[in-house]
Amino acid sequence: MRESVRMIVVLTLIAMISAGVLSSVYNFTNEIIQTNLASELESSIFTVLPQAVSVRTIHPGVSTLVEDDRSTLQETEGTVSIPVFEALDQAGMPIGYAFVSEHTGYNGTIKVLVGVETATETITAVKVLEHLETPGLGSRIESASFLHQFVGKSATDPLTLNRDIDNISGATVSAQAVVDAVRNGFPLAIKRYKEER
Amino acid sequence: MDRLIKDFLRGLWDENPVFRLLIGLCPTLAVTTSAVNGVAMGLATSFVLVCSSTIVSLLKKIIPGKVRIPSFIIIIATFVTIVDLSMNALLPDLHRVLGLFIPLIVVNCLVLGRSEAYASKMPVSWSIIDALGMGIGFTWALMLLGAIRELFGTGHVFGYLVLGDWFTPWQIMTLPPGAFITLGLLVGLINMITIYVHKLVRQQHKATN
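Protein sequence lines correspond, in order, to chains A and B. Using this note's numbering, the first residue of the first sequence is number 1, and each one after it goes up by one. Using this note's numbering, the first residue of the second sequence is number 198, and each one after it goes up by one.
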């Protein structure tokens, strides 16, 4: 009897101390992690919309790039919401917007950032933010020759693998996932951008 | 003092966790696609190993035997989470590569194994020395494995170009099969060296007698 009480007390104490230590470490690091993620996303937006001078968040999305939150493309209250950011030029005039979309790839979720020019409603650039594809095969979705194919496409284009986007040999699943992420996200982003402005 | 040094050196060669004991192979095989990744994983594991061994050794009289495994796991998991969070905050680029494997340090049998077999029976200073030896042994093994795979898989070592343009990278080396092939060859090589050294020592022993 005495032994079992001791077991419970010791285990509880260890767990409590552990929880206390971890919550203080979390508080300390979380702020830095969030700033890192935000600045990383912001610099990515500047690479897909090179003319942009500043960025404004139109819609933060159900999840901004929080690591284990995989719910970006899920329906919330009847509407799908994905993160949309507006890019402004020097005069503060909107020149385009960028959205984050995602799709399951071969090895996990692939997250892409797509830049769109407002005047023509066409894609300026696509950047892969996160992926866990096979190095050397699926990781070629990051190559400029593949991603460059999206430039100039509009939401009315088919955006279909092997029709207007060339496949990557040996990495169909990964390439398909990027195409799907862009195609599925594009109309949602347009809608969201028009609604929130 | 002699035994302390011997215990420290044991982890580096005679009982090297990767090459001699063959434990903790999941992270070993998975992250050693480059030398930097290997070193980072080795250092992260060493940190967890030293910290958890210290705490386990300090608490060995307090923790009842029947709940020692859950207690050790909580202690180890705490340090792993600290490493995970701090690496994410301070070294985000590295964390993007290793992020998946850091939480797996909790179930690395090297860490639990040292707590159970060594730290829970020995004084604190001895446990720290043992953990340091094992950690450094693990780190150099991962660094060597990573460097070889990076060299043949990309032509670089630590990100610096070593083999010139004439070299066609062997893609297989950065893929999982490359990890198994390299590890197998290295374990064989280390065994050969060990056997050779033992033979030399024996011969010398005979000669002096």
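Hints listed in this document are in silico derivations from the structure and should not be mistaken for laboratory results. No residue lacks a Cβ here, since even glycine has one placed at the ideal position from N, Cα and C. Hints may be right or wrong, so weigh each one.
Result set (SDA-like, lysine to any residue): computed pairs, CA atoms no more than 25 Å apart in a straight line [what the hints assert, rightly or not]: (1) B:K257 with A:V9; (2) A:K127 with B:L297; (3) B:K263 with A:L11; (4) A:K111 with B:G361; (5) B:K258 with A:L11; (6) B:K258 with A:A19; (7) B:K318 with A:R6.
Label pairs and their in silico Cβ distance ranges [what the hints assert, rightly or not]: (8) B:T365 with A:S145: 31 to 41 Å; (9) B:L397 with A:E40: 52 to 62 Å; (10) A:S39 with B:T365: 35 to 45 Å.
### Task
Hint by hint, work out which the structure violates, then give me just those numbers in ascending order.
4, 8
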